[in-house]
Structures are given as structure tokens and as C-alpha cells.
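Could you build the full structure based on these sequences and the hints that come with them?
Each chain, letter by letter, is given below.
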Amino acid sequence: MPLGVAGPAYADSTTTKPFLDRSAVEAISLAGSEPAWLREARAAAVARFESSAAPTNRTEGWRRLSLESIDLSPVDPAAPEIELVVADADRAKGVIATSLHDALRTHEAYVRDAILGPRAPHVLAKYSALAEAAWQGGAFVYVPDGVETSAPIGLQVRSGAYPRVVICVGANAKAALSETHRETERLCAGRVDIALGEGARLTYAHVQDCGRSTVALSHQHARLARDAKLITLNFGIGGSLSKSDVEVELCGPGAESDMLGLVFAEGNQQFDYHTLQGHRSPNTRSDLLFKSALDGDSHSVYTGVIVIDRGAQRSDAYQANRNLLLAVGARADTEPKLEIEADDVRCTHGATVGPIDADIMFYLTSRGLDVETASRMIVEGFFQEVFEKIANPLLTEPLAAKIAPHIGRLGVQ
Amino acid sequence: MAIKEQQLVDKDYKYGFRDDIAYKFKSRKGLDHEIVEQISQLKHEPQWMRDFRHRALDIFFAKPMPPWADLELLEQIKFDDMYYYLRASDMVEGNTWEDVPEEVKRTFDRLGIPEAERKFLGGVTAQYDSEVVYHSIRKDLEELGVLFSDMDTGLREHEDIVRKHFATVIPPGDNKFAALNSAVWSGGSFIWVPAGVHVSVPLQAYFRINAESMGQFERTLIIAEPGSFVHYIEGCTAPSYSTNSLHSAVVELIAKEGAHIRYTTIQNWYKNIFNLVTKRAVARKNAHVEWVDGNIGSKLTMKYPSVYLMGEGARGEVLSIAYASEGQHQDAGSKMIHAAPNTTSIITSKSVSKGGGRTSYRGLVKVYPNCTGVKSNVRCDALLMDPQSRSDTYPTMEVDAQDVRIEHEATVSKVGEEQLFYVMSRGLTEVEATTMIVNGFFEPFVKELPMEYAVELNRLIALEMEGSVG
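Those sequence lines, one after another, are chains F and U. Take the numbering used here: the final residue in the first sequence is number 454, and no numbers are missing along the way. Take the numbering used here: the final residue in the second sequence is number 471, and no numbers are missing along the way.
Hints in this document: simulated from the structure, not taken from any laboratory. Be aware that a few hints might be false.
What the hints assert, rightly or not - Derived DMTMM-like pairs (lysine to aspartate or glutamate); straight-line CA-CA distance at most 20 angstroms:
#1 U:K376 / F:D398
#2 U:K415 / F:D357
#3 F:K332 / F:E426
#4 F:K332 / U:D33
#5 U:K300 / U:D33
#6 U:K415 / F:D398
#7 F:K332 / U:E410
#8 U:K44 / U:D33
#9 U:K64 / F:E101
#10 F:K430 / F:D328
#11 F:K332 / U:E408
#12 F:K332 / U:D404
Model, not experiment: these values are computed from the prediction.
Quick look at the structure:
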């Protein structure tokens, strides 16, 4: 049952179903016997979704993408299939991995903090609101203070449109988590909230391996307390159009963030990553390396911003975006931005777009390799730099295995 | 040291004086089709130019302000409270120095431009308010067949050349301020260099704003025929007034096959002036265009000199500096549009923010499909002098061709402690040391300037650095 009347924002929208079914959202909330604050939060999210205009090729943050054959209207909410894997030894130490609904009963304060956290405007806000309005089940991971996990926590999302994930790592705890998306729905819009306590450490991989006709939208937001350290990897290989907003806010002094990104695109795939390195506190450090290898007629868009707030002195920030063009039809747009309001800082960024380096190719072929083999080695090496920064083979080996067949196809027409 | 003797701070603008001049004609304040008609009639313009102005005015009214701009500052512009056309005297042009009105000469003397130097250096277009009052073309320039005049004269005397090229690089629909300029333009330079001619002396023009709430809308068109070379220098200083003034120029450069144009600007408007300028060049096959662009003054500058590399082997270069102190926002940058194979571009941008000033670099490198062999390098460095200042970098790269090499790098930092310590350990004060480091930071720009400009710029930086430490 569509609600509301078509406002001017939708006047030129080509989508067939621009509205979210508000009664379905209420039904989800009632079925889960949700507390009043959550029901209100869902209603507010529905309102945010409906009040923001549907993106078009003229919308900032979307205009570089080809949206002609893309249906961005919401799909009906359905309970997702989510699998959570935690080592028994870690469960015994108090690590919790459960549905977000169950966590409402056991860890309501943490869930509430994540769900009612600050909402800054950003390009994916409309779809982030959709996930907040229509999520079901969801996933909640909690690592108690001081606990160090023995194996990476696994989180697999196999189906569903609106995965909602909350990850809380307590003070001085240490964990690794891999979140893999294999949805095949027409559209999925996810939201991830990560909170790291003082001195906490988390290595987090977000793997987008959705079906080739899926529009995969993901908003990831992390807040770091004093001396916390977060390593994130966004790995993109699936979907028709993939758009992610990865935001890390360094809220306590001494907090550190390494943000990594890897994309292998082929065919008509479009990948769009937006990143935020938010230095809200002094003595914070952030490093970012996003790499895309683009084959076929694929297209990659990277827009990232480093923001250093007034007063966030002695911040150190770096941002690099590297694009490797493997085919004539491939295309890369990059927009690395800096907004600096403190003077005692060191802030650098760089971006490159180009084909395989002719010198490296010459070197390898002069050693007797044919061009195809040399290309594959170069692309493997291109990805290896990122894997090495993660320094966790348990997380990166499955990813390397995922790319291998794609690299194997390079140069084979 | 000279710095110590000149205890001038920002409040005392070095060139902040004005002469009282009896304006012979002053259009009423505000902007509508009647004013545009009046300007065009006074200039006895051909019908096509009159139509062009009216069309541009409609575009200006229809276009919104750019949403990404510093709207807080832009919205302070009161378009209805401004004059759009003025001229200092009925005399259209002074061919000899003696014809130039006495008040105008006095203003130039105060600016410290020696007369001998003016005569030595090519033709000097002295724009006094909206009309060119002094304009000399050296005899040898005439012998070379080079046309160098103000834009109004260019339109009168060489209508065919102007009509063929005017607004072909920057149409009025390009942006709101280009539309405004197209509707009310007045003055500016017109240069046409015949094929194969190398103009060895830089051509110069001095612009001044001299009436309260007066907008200046120069229109410059430079055409370099195949294989020619020309260097044009534009420098601005303006007297201080309390109400906001608007300066919105349009500069079009056309470098035909194998031609080379260098365009040098030093912008030092007083800190109440909005400087919203559209500058763009077209470079044909193997042509070379260089923008050397210095932004020291104004309240808000929005200026992104661009080169459209339309022919194979064309080359574009931008070397720019920006300096922003209290109340200033230098929103500058550059665009390189690679629309042909084997084109190359280099952008080097350096900025210093001080006392709460804000500098932004906004740029674009675009490579169209099938433009193979393109190389582009963009380098932005920013220095922040204190915790109140701000620096932004917004580069954009859109690459739609495979065999290309596009690089961008930017850094933001403060003056290095080690550098300061080293220089001060050699016996310099902190102010002197900082000045020296900032001068060194700007050095790649300064060394591209003619000597008298380099000297003046170094002196300005020294003045600005006064009171920057503490």
C-alpha cells in the first residue's frame, strides 16, 4: 500500500515504485515486539527516506554513474538469511554474535546507541534510511572488554534486502571480522555501525560478492574512542552497481584508522566508493589505500574526503587511490578531497589512473614471460599490496582465491 | 631589513587611495534590459553584439548560483545596488601619453609604475574604470601586424575577427558570471597575432577599480594564429572602499596550430572585492598554453583557468599561487580537458592561508574516450600558518581512455619546525625566517614572473607576513 502523494522530488523519477510500504515497516516492528524508541526510529527513517529525492544523473554523488538501466526503487522487506560463525573458545570468553532482534533483549543499550547515533547528511543517506527503516533480524556482534578473539568472526548475508549490522568492540579487546554479502535480490541497502572502545582493535573486511544483477548499496559508519585502531577492507567483486559510503570518525586522541579498498570490475559493472576520514580529535592518524583494476567496459568512481577539525592538532592523514585500466572501455573517475581546519597537521593524498606500466611489462617480458602471464602477475601484485597491509591471511586468502579466476581470464578474449 | 621599516599591516592597504574624478557618464544602479541596451547604444555596437548581450542577460537571470560555491560570501553581492557601466572621460582613447587625463596619470604615479618602463614595455592598456583611456602600441608591434587594443576598439575596427572568435570559447551559458559579463562587458584587451609572428615583449594591461559599488566586466580575447607566440600580463590593484565591489571578467584564449600563449595574472584586489572570473583557452594541434596565475587580494576569488586540449600534441600548463588572510577566501584551481590524443598537462598549485583565511583548490582533469597517450600531472601544496586558517583540496579526475597516465598529489602542512629552527639558528628572527620560507614556497611561481612583478610580489609577501608569528 503506497503512502503519501507524489511530491515534486519524484516528478521526473522513472522508477515504478518510489515509496516504501509504511504499514509493512510497522508490521516488522510489531512482530519483533520492539521497544517504542525503535518503532519511532523506524518511522523517522521512513520519513527520511521519503523526504529525500530519488537520485538521478544530476544528483551530486550519483551523477557520474550510469543509472539509465538501474532500478533504484525499494524492494519489499523480507527476513534475511544471515549466518554467524564464532569459534567456541571465543563464545566461552563472552563474544556474542546474534541477531539484532535478540540483542535488543540482552544488549539494548548498545543497540540503541548504534541506532540512535548521530546522522550526518551524505550521498547514501536515502538508502541508509531505507535499511534503518526496513531491517529485519540483523546481526549484532559484541566483543567484551579485554577479550582477544582466536579466529575471525564470520558473518555471511545470503539473502534479504536490508541487512543491518551492529559491531561493538569493548575497551582493549581485539577482534577480526569478515562480513560477506552474497545477496541476489534486485536491490540491497545495508547499514553497518561499528563502535570501538578505548584501546580496542578491529580488523574488518566487508566483502561484496552479490549477484551480477544486484544493486548493492552499503553505508558503513565507525566511531573510534581513544587509542582504538580499526583496519577496514572493502572488497568489491559482485553486483551490477555497487555504491558504498565508508566513514570512519576518530573521536578520541590517539585513534588510528587504516582504510583499504580493492575492486576487480569487469563487464558493465559500476563501483562507487565514497570514504570519510574524520579527524575529530588531536593526535589521530589515518591511512587510506583504495585500488581498482578495471577490465571490460567497467567503471569505477572514487570520492574520498579527509576532514581535520579545528583543534584536531597533530593529525596525520594519508589517502591514495590507484586505478589500473586493463581495457580500452574501462573508465575511472577519482576525486580525493581535503578539508583542513587545523595547522599542525600532515596531510597528503595522491591519485593515479593508468594502464599497466610499460617498464614493468618490458622487464617481465624480457625475462621470457608472455604478455598475458605478465599482465596477470602485475594485477596479482597490484592486489597483493593491499592484502599485505591487512596482515591476516585468514581474512585475505579467501579473497585472493575469489579474484584468481577473474585474473586468469585476463587477456583471454 | 626593509620589512622592519614598513610596519604596515593588513588594515593599511598599500594602494588604498583614490582620486576624485568627475564621471562623465554613469548608468543608473541595477541591471535590466534597458541598461544593457544603453551600454550597447553608447558604444555604437553592431546589432549582433546587442542581441548577444540581451540573450546573455536572460541567461544570467535564469541561472542559479553554483551550489558548490562559498554561498555565504556570494550571497553578499547586491546585484541591484551596483553600476554596470562607467567611463572616466568622453575621450574614447588617448593615442599618446599627453592625451591621458591628469588624474589618471597621478593614479599611475602613485602605483609606482615609471613612465619610461611603460613606454619600454610593449603596448600598455590602462583601464581606468570601464573605459580604456590610455593605450599605446609600439611601432614595431604594428609593423609585425599584431593587433593590440581594448576590446571595444577591437570590435569597432576588426569586427570580422571579433565576430568569428568572440564567445566561442566561453559561451554566455557557461556559468552565471560568464553570462553577466557577456551582458555588460566593457573594456578588456583584444589581441590578434598573425601566423608565425613571435612577440618578444610581454604585452601588459593595468586594471583599476575606481568608483564605489562599481563592477568591472572586462572581456579579453587573444587569438594566436598558427606558429605565433605572445605573452600577455595582467596585473590588478584597486583602491580601498567600504562597499562590496564585483569584478567579473571573461578571458578567452585561442592558440591555433603550433601557437604558444602565455597569460600571466597577478590579482591583488582590495579585500572587499568579489573576483569571479572565467578564463579558458583552446589549444589546437601542437599548441601550448600557459596560465601563470597569482591570487593575493580580493574577498572571494573564484577562478579556474582551463585549457581545452583540442588538437593532437597540445600542451596545457597552469602554475598558480593563492594567498588568503583574514576574511579572504581564495577559491582557485584549474581544469584540463583532454579531447585529443597525446595531449599533456601540468598543474602546479601552491597556497598559503593565514589569520583565518581560507584557500581552496578546485580542479578537473578530464580525458575523453580514445584519447590515448595523454599525460597529466597535478600537484597541490598548501601551507597553513595558524590554527584559525583553512585549506581545502577538491581535485577531480575523469578518465575515459585506457592508455593514459594521470597523477595527482597534494599536501597540507604548516611551516616545518626543522626549517624554522635551521633558518633561525643562522641569526634570523622568527618573522624573517617565516617570510623567507614562504617566499621559498612561492619561488617556482615568482621565478616565472618578469622582474618588476617578482620584486613587487616578494615585497607584498613580506608585508603580509608581518604579525603572522606569535
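Here is what the structure says about each hint:
no.	hint	result
1	U:K376 / F:D398	holds (13 angstroms)
2	U:K415 / F:D357	holds (12 angstroms)
3	F:K332 / F:E426	holds (10 angstroms)
4	F:K332 / U:D33	violated (52 angstroms)
5	U:K300 / U:D33	violated (26 angstroms)
6	U:K415 / F:D398	violated (34 angstroms)
7	F:K332 / U:E410	holds (16 angstroms)
8	U:K44 / U:D33	holds (17 angstroms)
9	U:K64 / F:E101	holds (18 angstroms)
10	F:K430 / F:D328	holds (11 angstroms)
11	F:K332 / U:E408	holds (14 angstroms)
12	F:K332 / U:D404	holds (18 angstroms)
Figure legend: structure checked against the earlier numbered hints; hints not met, in rising order: 4, 5, 6.
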